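Q: Sequence:
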Amino acid sequence: MDDSTRTSPGPRERAEAEPIPCRLRVNGDSRTCAVTPNTTLLEALRYRLGLTGSKQGCDKGDCGACTVVVEGEAVLSCISLALAYHDGPEITTIEGVADHGTPHPLQDAFDLTGAAQCGFCTPGILMSAWALLQRTASPSRRQIAEALSGNLCRCTGYTKIFEAVELAAATMRGGEAR
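Per UniProt numbering, residue 1 is the first one in the sequence shown, and the count goes up by one each step.
What the hints contain is simulated information worked out from the structure, not anything from laboratory work. Note that the structure is predicted; figures quoted are calculated from it, not measured. Just so you know, even glycine gets a beta-carbon here, dropped at the ideal spot from N, CA and C. Treat the hints with care, since some could be wrong.
Computed spacing ranges between beta-carbons, pair by pair [claimed, not checked]: (1) Arg154 to Arg23: 31 to 41 Å; (2) Arg173 to Ile20: 41 to 51 Å; (3) Ile79 to Thr159: 23 to 33 Å; (4) Cys118 to Lys60: 12 to 22 Å.
With the hints as constraints, model all of the structure from the sequences given.
A: Okay, here's the thing in structure tokens:
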């Protein structure tokens with residue numbers, strides 16, 4: 001899919017900057033969009049490619065609402081330039097976590113435990129937790145805390161979120177939650 005004709009500027013883009021094509025590998029697909037040199041990865045995903053699951057919160061890398069996963073690592077897309085990922089590594093957004101419409105066990109666990117409240121921070125938290133679960137089958141509470149340390153939630157506290165990550169890990173292992 002070629003989205004290079006989409007020209008809606010992101011909030012920080014200067015109107016006089018000349019857009020250039022940027023090819024991103026997102027959720028298993030190669031997608032091209034027009035960006036300026038200062039377009040963030042978040043702006044490219046949301047405003048050029050229409051992937052609005054990653055949220056625009058603080059624009060400073062403080063809240064984690066914009067978290068995506070790049071080659072297995074959680075990345076704050078609001079402080080990453082889109083061109084840094086041109087023809088680069090695989091980027092996974094919240095839209096790429098479900099399997100052909102079937103929720104990932106982590107998404108199910110958030111639902112079952114009531115870990116999501118208003119939902120604004122949820123995509124970023126899910127992506128940080130998803131990255132952790134891709135590399136750690138049985139994360140400790142400390143590992144969960146470290147993985148989620150860049151994500152702020154003002155609605156729930158973190159108890160239910162930790163429970164959801166533990167439940168998802170157990171489900172993915174085929175066992176019972178601790």
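Q: Determine for every hint whether it applies to the structure shown.
A: Okay, the hints, checked on the actual structure:
1. Arg154 to Arg23: 31 to 41 Å: holds, 36 Å
2. Arg173 to Ile20: 41 to 51 Å: holds, 45 Å
3. Ile79 to Thr159: 23 to 33 Å: holds, 29 Å
4. Cys118 to Lys60: 12 to 22 Å: holds, 20 Å
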